[in-house]
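J.: So you can see what is in the structure, the chains are spelled out below.
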Amino acid sequence: MNVILILVAFSLIVALIGLGAFFWSVRSGQYDDPYGSSVRILFEDEKPRDAEESAPVQGNTENPSNQK
Amino acid sequence: MIKNEGFSRCFHCGEDCGSSIILFDEKQFCCSGCQTVYEILSGSNSSEYYNLTDHPGMKTAFPELGKRFDFLDNEEIKQEILDFSDNGVSRVKFFIPSIHCSSCIWLLENLHRLNEGIMHSTVHFTKKEAAFTFRDSEISLRGLVELLASVNYAPYISLESVDKSSKKKINRDVYYRLGVAGFCFGNIMLFSFPSYLAIDDTVEQFIRQNFGILNILLGIPVAFYSGSGFFISAYKGLKKRFISIDLPIAIGILALFFRSVYEILSGTGPGFMDSLAGLMFFLLIGKWYQGLTYQALSFERDYRSYFPVAVTLISGKGEESILPLKHLKTGMRILVRNNELIPADAILVKGEGSIDYSFVSGESDPVKKTEGQRIFAGGKQSGPAIELIIEKEVTQSKLTELWNQKPGHEERHNNWESLIDVISRFFTAVVLILALVTGVAWWFIDPSRAALVVTAILIVACPCALAMTLPFSFGGAMRVFGRNGFYVKRSSVVESLSRINTVVLDKTGTLTKSNDFDANLDHLLVDEASFNLLRSLVRHSTHPMSVAVYQALPNAPALPVTGFTEHLSKGVEGTVGGHHVKLGSGEFVLGRLPGGTPAGSLFVSVDGTPSGYIILKHKYREGMRDVLISMGRKYELHLLSGDNDAELPALLEFFPSADHLNFNQTPVDKLNYVRKLRGEGKKVMMIGDGLNDAGALYESDCGISIADDVYHFSPSCDAILEARQFRKLSTFLKFSKISRRLVIMSMSFSFFYNIIGLSFAISGNLTPIVSAILMPLSSVSVITLITVATYLASARTKLNITYPV
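Residue numbers (the working numbering), protein chains in the order written: chain A, 1 to 68; chain B, 1 to 805.
It should be emphasised that the hints constitute simulated quantities derived from the structure, not laboratory data. Quick caveat: nothing in here was measured; it's all calculated off a predicted structure. You may find that some hints are simply not true.
[As the list claims (entries may be wrong)] Facing chain B, according to a computed beta carbon distance under 10 Å, are these residues of chain A, among others:
(1) L5
(2) V8
(3) S11
(4) L12
(5) A15
(6) G18
(7) F22
(8) F23
(9) V26
(10) R27
(11) D32
(12) D33
(13) V39
(14) R40
(15) L42
[As the list claims (entries may be wrong)] Ranges between beta-carbon positions, derived for each pair:
(16) D73(B) to I13(A): 19 to 29 Å
(17) P34(A) to G267(B): 43 to 53 Å
(18) W24(A) to E566(B): 51 to 61 Å
All residues carry an ideal CB built from backbone N, CA and C; glycine is no exception.
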């Protein structure tokens, strides 16, 4: 019988981790702008291919993903 | 620059290029503005902008930047606008109304390609906001704003954006509550599973007992964290002696929770925790859906979002400096340039005023002012710069007083009770009486079960499906409206709309277009050949009046024009076919103020000889006829206009009698007229556009403001209608009535479920499993019913269901 209780406790812990992840995603603003995020994911990743025209992309330029 | 005849789309903005196409880089552009933006973007390796969406740009008249953003160099203003500034790095957030597609997001978030001083930028699409982090050493705040303006993403900076107190924090509460409810719902369902299978042995008994305890632990956050909003709102309602729908819900939650705790602890049953968690989960979905509103639109605007942040002060020595508006005092001398707003009542001391009061009065013909005359706040100068001496402080000006005379917002809309209020009061009363009567009856039959039956009634009567009805029906209607260019403040406005029986319309800017004219050539005293001289001349001007004249004149091959000049708010002149042609105001063309001609006339002279005039009239909106006729069948129509009664004969056919057409109305007259109609017990909807309608909009049961650009200023109202969707107005009203019928239908549906549940409860047979099936079933079926019905209704009324591209 103890086996079931251990399993239940374990499953609750896993579920709580999921809940924590959900809280984190809400807090970091992922639900604030659903349209923006849906579009942003389709953008091409930045490649340093523009060397011939303008100045090369700076090393410290932040990734354009939306994490605050 | 090659000019071409034919139809083609501008590569940048996608509009018809018309007769003058600019070819650049093998692409076609409609104007030099679009071409310039393309040049900037392609030069910085940002052509991805054009790959994401076809024609992502926005066409705007390209105003010279000039000194427009000078005020951003002022240290005090800078500190107020910046969110944060430290160690040479600053952060700022702007409202940018022209954000509209994925290309916009891409460009703004890749703005560092245009200027390396910009370190990071993030777009919040739903709010049309963008936040920028930049290095002060490489780009100034003003430089950033000018860069944005140069690619047609000029931020909207007003007095309101400086006022930090008006900024709202994002409320993510409902997500947390929903998350907790969902988490507990899933787990409680699992732990309740053994009790659904009626196995009876000692081992199972042990599991059930432990799972019961777990259910209680999981039920506590559901009832008291996720459900706290219902308790608070029920309590607030009771304090105001008002029974809201949340009261029976709160009672239901408490009954569910404590009955379950009792059953589990006493070992008499498995409890109703699964029903409680499911109920809460569905209720919160309804709350979340109800909370989705148009974040980028503002329905509560006051003068602060209309006024500039700073003015140009002229010192005694004639030096110009920037002064934050809040420091503006009477007696100060300020400079107002073309297209700038007059921030306070003032006296004109230098220059020639040509004041456009279109926002204040809805009348777009500029008013001439000469030195020494008083100018009221709210007008825009259209013409060369003028100098003014301030007479009254900003907060005491006539314009701002219009806002300040309004009562608090809460006192409004007490003309009727909303449908749900009436029903929930009735519902609560019936349930409480029923619980009492059954309780007493069971007391005589079997006293030990009386308490159980009473709690069962309170549980099953919890109006979950009823509470879901409103957010999903009116909320669904709100979304359908939004996709068709009609934005309501919140879903309850749809209900207000459905109850309207009287419609009051403003004329100028509402029935008529503010920037589109009909030209009448009857008084033009030139021969046919000269028509083409005039037509070739106005072809070079994009002013709406020139466009109207151009369209009215007969088609002919254009002649070359030399020396073309456009004088702001005066007219145009140039030499065509060897003749010097002038077109414009009386003063400009004739050199004197004309008499005896209607307002809004344009005068013509050829080689200095006056050659008659052209009468311009505002065009009525497309579909006005159909809208007025179809609304006239169901509603009592009234017209309130600030203009003279010249249009009375043209409009009379749409209105029941001439008494309903009122001209020469001041803003206060309009307000009083609406108040009088409401006093007669009528449910009034007011449609207007300008600030002169603000009072009447506010006073009405449902105020709709009509705007060419919904993201720009509109007076505070309940709904904003995109001007080009005016023809759908009567369809919107019809749809709101359909929505209301849907609400009544689905309410009867949920009552049907309640009756089934109550029959179980009263007979003492409500088992946890019955309630666990009945409650989600009723919620889901009600939501499905409403969603499908709303979809069908919008298809039938030919309203768009998907977003227009």
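J.: May I ask which of the numbered hints given earlier this structure violates, with the numbers listed in increasing order?
T.: 16
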